[in-house]
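Trainee: Order-wise, the sequence lines are chains A and B.
One point on numbering: in this note's numbering, the residue at position 199 of the first sequence is 199, and numbering is uninterrupted.
One point on numbering: in this note's numbering, the residue at position 173 of the second sequence is 173, and numbering is uninterrupted.
These are calculated hints, taken from the structure and not from any lab test.
A hint or two may mislead.
In silico lysine-lysine, DSSO-like type, Cα no more than 30 Å apart, as pairs [said to hold, decoys possible]: (1) B:K41 to A:K257; (2) A:K108 to B:K203; (3) B:K203 to B:K125; (4) B:K48 to A:K257; (5) B:K313 to B:K125.
Not the full set, but computed from the structure, chain A residues with beta-carbon under 10 Å of chain B [stated by the list, open to error]: (6) G39; (7) A215; (8) L270; (9) L271.
Just so it is clear, CB atoms sit at the ideal spot from N, CA and C, and this is done for glycine as well.
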Amino acid sequence: MFSTTLSIEKLLDMYRKLWLARNHELLAEEWKLNGRIQGSVHLSTGQEAVAVGACAALEVDDYIMGTHREHAQMIAKGVNIRGMAAEMLGKVTGMNQGKAGHMLFSDKSVNALGGCGIVGGGAAVAVGYAMAFKILGTRQVSLAFFGDGAFNTGAVHEAINFASVRKYPVIFLCENNRWGLTVMQHEQTLVEDLADRARGYGIPGATVNGNDVLAVYEAVNLAVERARAGDGPSVVEAKTWRMRGLAAGYPIDWEPKDYHEEGRKQDPILLFEEKLIAKGIFTPEKAKAIEEETRKTIEEAYDEASRAPYPDEAVFWENVFAAPIG
Amino acid sequence: MTMKKVTYRQAINEALFEEMERDPKVVLFGEDVGTYGGVFKVTDGLKKKFGSDRVFDTPIAEAALMGAATGAAVAGLRPIVEIMFMDWIGIAMDQLVNQTTMIPYIWEGIKVPLVLRTQGGSGSKGSCQHTKSLEAWIYHVPGIVVAMPSTPYDAKGLLKSAIRNDNPVAFIEHKMLYPTEGEIPEGEYTVPLGKASVKREGKDVTIVALSKMVVESLKAAKELEEEGISVEVVDPVTIKPLDMETIAASVKKTNRVIVVNEAFRTGAVASDITAQIQEQCFDDLDGPILRVTAPDVQIPYSPALEQFWLPGKDKIKQAVLASLKR
Ligand SMILES: Cc1ncc(C[n+]2csc(CCOP(=O)(O)OP(=O)(O)O)c2C)c(N)n1
């Protein structure tokens, strides 16, 4: 059992987003492996609750900055799924007209701005979003996703310290799946709970189970309240497990077995589903229906995208300079 | 000499093995280079052979990597440091510009014998944060040797020379060349730094091409031969210092030059090579030196768009024909 102030409608929306993200990852993996998606594809299979819990604490006006493992983050923020599918295929109907591909896409309509393939780099940009909100006097906040590996970069350190001293309304969300690409957390830092570092910046830090979508929501919600009140940034560390290799098609047989066993045991969708059913909010049948409906939504989006045209040369030359010069 | 066929990737791997075997002061570090053997598998097997004191994975920390390689070189090691993709060389760049290359000139008598290994190049559908060729940035800095081999033979022999050299050397690989094959000697050999290589002899036009553009230029030359046009292809191999003697001898013979460089056009290494040729060979030229480069446009993901960015065989052929009309 659990207690929450969230409405049933909101809880169901979170459950649906978990499935939307999971089904997206399953299909994207398949399409990458059979050659229908090109380039590398970093999957967030198993990590969906971090993104869904965090974005549940945000408004549409709030900005997020994602990572190279961005699909669940973007879906959680509410991006247009059809635009996303088309972007993954490099089609002109993609949300960035096929220019971005899977690591970099953005959707201004929901302020998902955006993915980032430079590890750690996005956190600094999120500080800038928050700087603008504070100076312009809006009530918005920004949230930067970054990994445990990214937490060792200079860019993230500089960003957090900068935002702290300026009291900018930003949430630093460390999505800790315990891995860089092929190097585990304990080989990259001696710190166990990475949110402990918050103390070193003079701001609050919290570590939660990132596979518990409500725990992530609660922690981020507190951080958002603090940011909106003008008290500055916080660090939230959500510990999670990636169920796949570092990207689609990479083997996991050489990775520690117990890591993957634990990850499977802690499937964030099942954990949430059990709670919702125990609370009588919905039934296994309804859960199944949501799983099916989201799978169809993803399939339809990709089918439509695969029939859409590619961008032409005119698109290539657009926005080299996005504003007139002189 | 007995020869054997290897890939560009294997050639580099062999050079690393042989030089680490030869000199215990050679160490190798970077992100994912140890246990996994590099995301492109170039450093495969080295950690197992030489142990984790000499070959190791690091945190994600490009600035510290470059700085530490510099310090270790000053203090008596011969480090090989890998920056996984050239797209984020910027993070290491301050160290390179203000420490690595400053020290030997300003702190008289102190040498910095390190090799910075990185790779660039497009064609992988990697979108704009995993495909850039930024050799011009490094090339711009005084005091560093810059090598860009195009064949397995040059890659192996040149890397061995680079590791033995007492100057900082940037060794720039091309991701699309890793699987390409070529012949190398069974036994020990080196290729000297600072020496160009004529990859094909011809009499009508000289092409000076860098890295993978050598391969594209050779394809173009072959097709042009069928049209009765004889093309000479010169590969500088080391772009700094540039072997102007070999280039000038070729220009003296053909009187026409095309410079080919897969990089943003403005400020590309091609621009500087063009300037050097016109300064030194003006009287031998029958027409303007033409450049084949990528446009000043970010590198888009979509396979349909990437082709507009990439220079290659067809654009090179067009330039040769244009040059002959002048
Ligand atoms: C500045 C920079 N360095 C290195 C890389 C290569 N790289 C891509 S993902 C990754 C691991 C990132 O680990 P983490 O931040 O924990 O995110 P995760 O992949 O686990 O989601 C690395 C090293 C990069 N993209 N950018």
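Trainee: What are the numbers of the hints that this structure violates, sorted from low to high?
Mentor: 2, 3, 7, 8 and 9
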